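Trainee: Residue-level listing of the chains:
2 protein chains.
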Amino acid sequence: MKFNINEANKIALERMQKANTFLVDVKYAKEVIPGMDPMTIGHAGPPIKWEDMCGPMKGAIVGAIIYEGLAATYEEAESMAASGKVKFISNHSMGCVGPMTGMITYSMPLLVVKNETFGNYAYSTFNEGLGKVMRFGANDETVIRRLKWLEQVLAPAFKKALALSGPINLQVLTAKALSMGDEMHQRNVGASSIFLRTIMPYIVRAVEDIKQLQEITDFITGNEQFFLNIAMANAKATMDPVKNIEGSTIVTAMSRNGTNFGIKVSGLGDQWFEAPVNMPKGLYFPGYSEKDANPDMGDSAIVECIGLGGFAMGAAPAVVQFVGATSVQAAIQYTKDMEEITEGSNPSYQMANLNFQGVPTGIDIRKVVETGLLPVINTGMAHKEPGVGQIGAGIVTAPMDCFVKALIAFGELVEE
Amino acid sequence: MKFNINEANKIALERMQKANTFLVDVKYAKEVIPGMDPMTIGHAGPPIKWEDMCGPMKGAIVGAIIYEGLAATYEEAESMAASGKVKFISNHSMGCVGPMTGMITYSMPLLVVKNETFGNYAYSTFNEGLGKVMRFGANDETVIRRLKWLEQVLAPAFKKALALSGPINLQVLTAKALSMGDEMHQRNVGASSIFLRTIMPYIVRAVEDIKQLQEITDFITGNEQFFLNIAMANAKATMDPVKNIEGSTIVTAMSRNGTNFGIKVSGLGDQWFEAPVNMPKGLYFPGYSEKDANPDMGDSAIVECIGLGGFAMGAAPAVVQFVGATSVQAAIQYTKDMEEITEGSNPSYQMANLNFQGVPTGIDIRKVVETGLLPVINTGMAHKEPGVGQIGAGIVTAPMDCFVKALIAFGELVEE
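Protein chains in written order, with numbering that gives the first Met the number 0: chain A, 0 to 415; chain B, 0 to 415.
Quick caveat, the hints were computed from the structure, so don't treat them as lab data. Just so you know, not all the hints are guaranteed correct.
One copy or two, either will do: identical chains are not told apart, so a pair holds if it fits within one copy or between any two.
Below, a list of computed lysine-lysine pairs in the BS3-like style, where the Cα atoms sit at most 27 Å apart [what the hints assert, rightly or not]:
| no. | residue 1 | residue 2 |
| --- | --- | --- |
| 1 | K17 | K404 |
| 2 | K57 | K366 |
| 3 | K366 | K29 |
| 4 | K383 | K158 |
| 5 | K335 | K366 |
| 6 | K210 | K158 |
| 7 | K210 | K159 |
| 8 | K29 | K131 |
| 9 | K290 | K147 |
| 10 | K84 | K147 |
Only a predicted model underlies this, so the values are computations on that prediction, with no experimental measurement involved.
Given these sequences and hints, build the entire structure.
Mentor: Shown next, in the form of structure tokens:
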């Protein structure tokens, strides 16, 4: 087959630039995911079998089974997970994204993002906060109790608040956050704060119970990464219309299940191109080191697909100290490198300190292979044992093999 | 007299670097200002007579008289102001600061900032919000009603919330805001948002009346400049311990009353050195131009004395588009120029995108006169007619004559 690759990639970039995304609602997984049932568990990254899963992923799945009330004990939950009775499914196949282990189950509430330009929807879970949380593989009683609170208290409040506020424009909010030094992956303090300012007047109108209002206020104000999951759903809603453009070599998804890194490519449909996931380099919290860390994990690398996270590090000088980049100049260099492997830039997302230049947007697998420059991803590090939680933050690259495999597959398509 | 000027200035800088400032309370002017009575009105800038005041200052004073219930009509208030019955006093003489016209009257609530290192206090009013407000000279019924609401609803709520939260560390909050691209004069979106996140959990515990809670939430979330007045009180609390260091040529205050610009110098006591105020250059809101603007006004230039505002423009690339600087490079150049006229830098207030360098701190009148580089101030522009409000934002310089006069006075002191 003969393609006009450049033309196809231009269309891909235009669709990303034309995205007009809004946070519109909160719905439960069971309401919106076709075929969702209590025995289905969504996870981050490309599809993976129980026996191939890393420690935190297994820990999260055991917790998710307990959360859904499918098993009474951790032992029972684990044997159920290993038995083949539970169906594991890649979040991306359900139109969803979740950070780190990315658990999405039947009863969980999802933030609903709509891309008005193309009419598509994307979903993400609520961010659970820091410390011992299911996304890092924790599964004890406090984790389950918090998830139940998210389901029964926070989600209904947010649903009501969003009905009062109307759709929240995520292009505008993201642009503001970039001007506040966020890169929207490991630094979301600006976005989370602006989001708080946007939603709080409606929260105080939506929640009648004063104790619940206090709990909700504490929860939102206590987490600088609250916005991360919304940023991820924004990115997913932006990327989905880019899928299946004939002849396009633009990456539509990057994700990791803690074992493998996978990418999808517009002109190559729904196939994942996978390689063993890399280990992030960065800064560990006191008492931890690389030997404690699980390899890279989560659907969150979807934000890099739209030019945020590692790609926008030049806009976020203060993230340098958190992810362990050597200097502000190094952070800017990451952004400049990413310009080499992308189709263009997105004027909706400007970097103030780079003279309001748009973020590098649309990863082209050809350029990655040609230049040898790998997509950089800002990421959190999970402890490799389930249940310990986050132990650091750093920078990781996508493995070259994913891009080589995809380019070979693309070559075969051209030869057909 | 013989002074070791360099040694004295080193002490001045050290006192600024050692400041440890906290927002601790809300109190009424009548409670904390010695000699305050209903017939006293504090204003921004050096002392000024009624007949020399600009339009917005006169408008604000008329409004302040109405607010205090001293007159029933605007005509009555104006003739009272002109009669000499009302005592006008420079805010700085009362330990206070206020933006633009800077009105401080008997019944007004004040934010209380304590500098723990030196034990001193500074006070500022609450920020009224945008649009038609007294600080820009507006004085209609909506302005007076809002001020009464600040006094009777917002202030008691804040007092309770601060009692619950305990002192709020302004060094830490300011450092975070700088990392979010604020320069703390014309851009306070990061600071205001972080402050919201800090105070909101206590506001929802302090306010029992749901309608008041909604009003308060709307008010705080609706104003990106909410933090400005706190930043000013922080700066005032930082600068006051720098006063009266024998032999020091460091500026301890810069302020404008809309007619004159005045500076105070550490080794020269409480004397103001004044010159006619300059006209800011910048961007006007649609429909307005320089011919509508009042010259520079307000106590807010105190933030430049501690290295923020125009001095920290290099940390705030996004403010460029608001104040009309030509480019991000120009913003960085302002900061570099200010390094030429300051004693040193403050490591508490780092600029992330300038590789975490501290802001230029401690304006030395000798260096201003020697280099010809004038302190740059980021400022709002008020309409010259009272009551219209803000019509733009821009950059203004302190007039050279203030520094020349101060240096001459210093020279006379040395010769004595």
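Trainee: So, for every hint listed, does it hold in this structure?
Mentor: Hints, verified against the model:
In this assembly of identical chains, the alpha carbons of K17 and K404 never lie at most 27 Å apart, being 30 Å within a copy and 58 Å across copies at closest. In this assembly of identical chains, K57 and K366 lie within 27 Å of each other by CA distance neither inside one copy nor across copies; the values are 36 Å within and 65 Å between. In this assembly of identical chains, K366 and K29 lie within 27 Å of each other by CA distance neither inside one copy nor across copies; the values are 40 Å within and 69 Å between. In this homomeric assembly, K383 and K158 never come within 27 Å of each other (Cα to Cα): the closest approach is 35 Å inside a single copy and 46 Å across copies.
Proximity of K335 and K366 under a CA criterion of 27 Å is satisfied intra-copy only: 14 Å inside one chain copy versus 39 Å between copies. With identical chains, the CA atoms of K210 and K158 are at most 27 Å apart both within one copy (18 Å) and between copies (21 Å). In this assembly of identical chains, K210 and K159 lie within 27 Å of each other by CA distance both inside one copy and across copies; the values are 17 Å within and 18 Å between. Proximity of K29 to K131 under the C-alpha cut-off of 27 Å is restricted to the intra-copy arrangement: shortest distance 26 Å within a copy versus 50 Å between copies.
Taking the closest pair of Cα atoms, K290 and K147 never come within 27 Å of each other, the shortest separation being 33 Å inside a single copy and 61 Å across copies. In the homo-oligomer, the alpha carbons of K84 and K147 lie at most 27 Å apart inside one protomer (23 Å), although the nearest pairing across protomers, at 66 Å, exceeds that limit.
Hint compliance for this structure: hints 1, 2, 3, 4, 9 are not met, and every other hint is.
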